[in-house]
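When you get a sec, could you build the whole thing from the sequences and use the hints?
The listed protein sequences derive, respectively, from chains F and B.
Using this note's numbering, the first residue of the first sequence is number 21, and each one after it goes up by one.
Using this note's numbering, the first residue of the second sequence is number 4, and each one after it goes up by one.
If you're looking for bench data, these hints aren't it; they were derived computationally from the structure.
This structure is a prediction, so every number in the text was calculated from the model and none was measured.
By construction, the Cβ of each residue, glycine as well, lies at the ideal position given by its N, Cα and C atoms.
A portion of the hints provided could be inaccurate.
[Said to hold, decoys possible] Here are the in silico distance ranges between beta carbons for each label pair:
| id | chain 1 | residue 1 | chain 2 | residue 2 | range |
| --- | --- | --- | --- | --- | --- |
| 1 | B | Thr79 | F | Asp380 | 40 to 46 Å |
| 2 | B | Trp185 | F | Asp152 | 29 to 35 Å |
| 3 | B | Pro69 | F | Leu464 | 36 to 42 Å |
| 4 | F | Asp485 | B | Pro124 | 41 to 47 Å |
| 5 | F | Gly562 | B | Asp85 | 40 to 46 Å |
| 6 | F | Arg100 | B | Asp85 | 24 to 30 Å |
| 7 | B | Val21 | F | Gly562 | 45 to 51 Å |
| 8 | F | Ser64 | B | Asp85 | 45 to 51 Å |
| 9 | B | Thr186 | F | Ser175 | 55 to 61 Å |
| 10 | B | Asp85 | F | Asp655 | 49 to 55 Å |
| 11 | F | Arg100 | B | Phe163 | 25 to 31 Å |
| 12 | F | Arg495 | B | Trp185 | 54 to 60 Å |
| 13 | F | Val461 | B | Thr151 | 33 to 39 Å |
| 14 | F | Asn254 | B | Val322 | 53 to 59 Å |
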Amino acid sequence: MRVGIKTKCFAFVLGVGILLASPPKTYAQLLTPIEPTVFTQQVSTGALPPVSERIPAEPSIVQVKEPGRYGGSLRMLMGRAKDIRMMIVYGYARLVGYDTSYKLVPDILKSVEESEGRIFTLTLRKGHKWSDGRSFTTEDFRYFWEDVATGKVVSPYGPPKAMLVDGKPPVFELIDDVTVRYTWHKPNPFFLPALAAASPLFIFRPAHYMKNFHARYVAKAELDEKAKAARKRNWRALHFSVDRQYRNDNPDLPTLQPWINTTRPPSERFVFKRNPYYHRIDQLGRQLPYIDEAVINIASAKLIPAKTGSGEADIQARSLQFKNYTFLKRGEKRNGFTVHRWLTAKGAQMALYPNLNASDPEWRKIIRNADFRRALSMSINRYEINEVVFFGLGIEGNNTVLPESPLFDPSYQKRWTSYDLKKANALLDKIGLTKRDDQGVRLLPDGRPMEIVVETAGEDSDQADVLQLLADSWRQVGLKLFTKPTRREVLRRRTIAGATIMSVWFGMENGVPTELSSPEELAPTSDSQFQWPKWGLRFQAGGKGGEPVDMAPARRLAELNANWVVAKDAEARTKIWKEMLEIHADQMFTIGLIAGVPQPVVVSNALRNVPERGVYNWDPGAHFGIYRPDTFWFDRP
Amino acid sequence: MLNYLIRRLATMSVTMLVISAVVFIIIQLPPGDYLTTYIEELKAQGEIVDSKKVEFLRSQYGLDKPMSEQYFVWVTGMLQGDFGYSFEFNLPVSDVVGDRLWLSMVLNFATIIFVYLVAFPIGVYSATHQYSWADHGLTFLGFLGLATPNFLLALILLYFSNVYFGTSIGGLMEPEFIDQPWTVAKMQSVLAHLWVPVVVIGTSGTAGMIRRLRANLLDELQKQYVVTGRAKGLSEGRLLVKYPMRMALNPFIADIGSLLPQVISGSVIVSAVMSLPTTGPMLLSALQSQDMYLAGSFLMFLAMLTVVGMFVSDVLLAVLDPRIRLDGGVRK
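Shown next as structure tokens:
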């Protein structure tokens, strides 16, 4: 969920100096824009300018498979009020975005010119407007860069990380009303993917609105008054609280997304209205989105499958799990929806993360022993897990790339995964864990029984079922397993602190990378990596905090990751990837359980343009984002 | 009586004070504070959090002060009607709670009324017809009610009410009424949704109440004054209503005190399962994210309801039952 540093993409090719551009301009001029029906009233009374004046002079023209009709309300369910940010994800209006073949194409931008991998020239669409009708210009980029990102008061800690190369910011140039340029001293392969991410890097702000909350543009006294009225501590906190584009919790904040939030939290129901100034039109000239409003109802995540099954959502995948598939299928006829099975692209649906940074010295020593991790893996009956929990539809194997990736090799997937208790026992004996208590549980060198507490985020009840199966087979090699459900934040916090010995989480985010995708997930680069959070933190914070990597194979991974960034050609990158995957397969830093479990996606039968077979992935993909929900429409009379 | 009231009120406020301290300590017991959770989230969004920034935020939220001082600020604030600030929602607690408070009161009172309405006739019937088939049947049902886990019953009822009546699953109203002004249609929608949680939360309370009423009434029915009444020719119905039933009524009133906390704690879990817009689910999430002032306010509210419930039941008992004397009885 981090912006920026994750460059996971299936295949994006951005050579030096390649120009990404919209269709030729003449094409746009042939089209007469068509007014969405819901606005005709407002346009005739003059409350809203006609559509031809609202869309940019150079709109983005979209070839829609089945051009649609206006109207309808798209109902979705989310587990927490915070999840209204998913509308930013699904809306997927980005400066540049992925298309369905995972190539980066300009979206809000008219074009991007990249040269030497370090100079980026962004060109906006002339006449593009914010959702409140004010012009979207390079001033909005300047405001972000000068007043937010490098502003001493607003961001005393500097610009976002994806905008720094070796800790140095780019040179920002304002060329004219529609052109800006960012120049780094070295290539920045993370910049464009960060703009296209599911949780994107916003390098612009609605300046005309935000200036109302910035001390550079408003008198101090007036601003203090405003902060006080909003019960904020100071203007900085006020600025911060109205400025959260991704959080999407301020209905007054102008946006470029297809739907605008109209509900101020807290609420249980959020209504998003269409953006009258949206920049995309279909091939017939209809302004998108087709659907007039989107509604998010908040319900407890555990109830979402039941609610979806009773027809309370028009499109839903979030909070639905594979095990709900049969239940959902049963509701199909009665409630007029279809359950599709989409591919998931994660390296593993579930993986164990032994914490190499555990603070308990005895445990840390054992966990750092590769043979221990191998023995753990070999005493897992993956076949049983697959059959019992996933109807045999999953792939049994490690947390690594999927067969769809060109980097795949069967040995990455199968090494140390055969279910062999004898060998596992022998490995454990070999590393000196020979003492057992009277129940046959192995003892740590200091005499404590080896009770492994596996902590879960408590979000996925499949995890509990799988861990239960795991407990039985681990018991046979003399290890006791306990499951401890917590919450996502708590789990992260505990792992970073080293209190967690082992956790269970998803596998690699991007299971189908090419050599052009960043391999950083395989190296210690982030504190949200449960197997080495402290090393990750050290890298992430640029050498501060955390701990230095003090294990040879992990150090090698970090080195390889650094090499990849500066690698010259495809061959070198492939080699780096292969070596990293090899290290992972051999070292078992994460112990994958099962992969390739399909994601049920419930789609109302009236909803058009939703692909039957898609890839459900966070980044790249933004879940439904790359399939462009603004082109979905309701085929209802 | 007045003396008694004053004494009770004084103990109540002391109790509340003790509860507030306990609540505050318990919320703070888990390691870390809200800020750790919040920083987690910042990190999840790709921001690098500096240790200086953490210190800055901690002082902004007042989390760097000693616990006793934080407690003092909270309690004095509450006395003035300021329940503090919810970190999670970035709003004052009173704004966050909004409708939830009184929706949970509606839910809880509806449940109590349900318990009374169902338990009373059944209890009386099974006592007067002891060991009849109907008594056995009702007793059996009562035990089922006591034994069924609430959340299971909730899910089953939700499913069937959706399939047969088309009510939306979970919540206290159809989604389109949320955040809308109150109308007759909205009230109807609330009523259509309310019965499931009421039945679910109420079942075990009802079952317990039936047992108590039956036992009490059975005791009374054996007594001599009943025999005398019957001998003097009172009709059975009049006899029952006039004498033993009045005696057996005490538990109904005395139970207000114990029923309230039972209903309320039951409703927290059921509300979370059914995602009702009451205080329950929010209390749970506030506790999980250590949003201490929000959680604290909820807990205080629940404690308050309990203490007030006890008080009301004691006073009502004293008023209704002349045998109970308040001022005497303390033997030196």
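Status of the hints after comparison with the structure:
The hinted window of 40 to 46 Å between B/Thr79 and F/Asp380 holds, with their beta carbons roughly 42 Å apart. Range check, B/Trp185 to F/Asp152: about 31 Å between beta-carbon atoms, so the 29 to 35 Å window is met. Between B/Pro69 and F/Leu464 the C-beta distance comes to about 38 Å, which sits within the given range of 36 to 42 Å. Taking the beta carbon of each, F/Asp485 and B/Pro124 are about 45 Å apart, inside 41 to 47 Å as hinted.
For the pair F/Gly562 and B/Asp85, the supplied restraint of 40 to 46 Å holds, since their beta-carbon distance comes to about 41 Å. At roughly 26 Å, the beta carbons of F/Arg100 and B/Asp85 sit within the given window of 24 to 30 Å. For B/Val21 and F/Gly562, the hinted distance range of 45 to 51 Å is satisfied, since their beta carbons lie about 49 Å from each other. Between F/Ser64 and B/Asp85 the Cβ separation comes to about 50 Å, which falls inside the hinted range of 45 to 51 Å.
Distance hint check: the CB atoms of B/Thr186 and F/Ser175 are about 47 Å apart, inconsistent with the given range 55 to 61 Å. One distance hint, 49 to 55 Å for the beta-carbon pair B/Asp85 and F/Asp655, holds here, with the actual separation near 53 Å. Separation of F/Arg100 from B/Phe163 is about 28 Å and conforms to the stated range, judged on CB atoms against 25 to 31 Å. Hint check: F/Arg495 to B/Trp185, Cβ distance near 58 Å, so the stated range 54 to 60 Å holds.
A hinted range of 33 to 39 Å for the beta carbons of F/Val461 and B/Thr151 is consistent with their spacing of about 37 Å. A hinted range of 53 to 59 Å for the beta carbons of F/Asn254 and B/Val322 is consistent with their spacing of about 55 Å.
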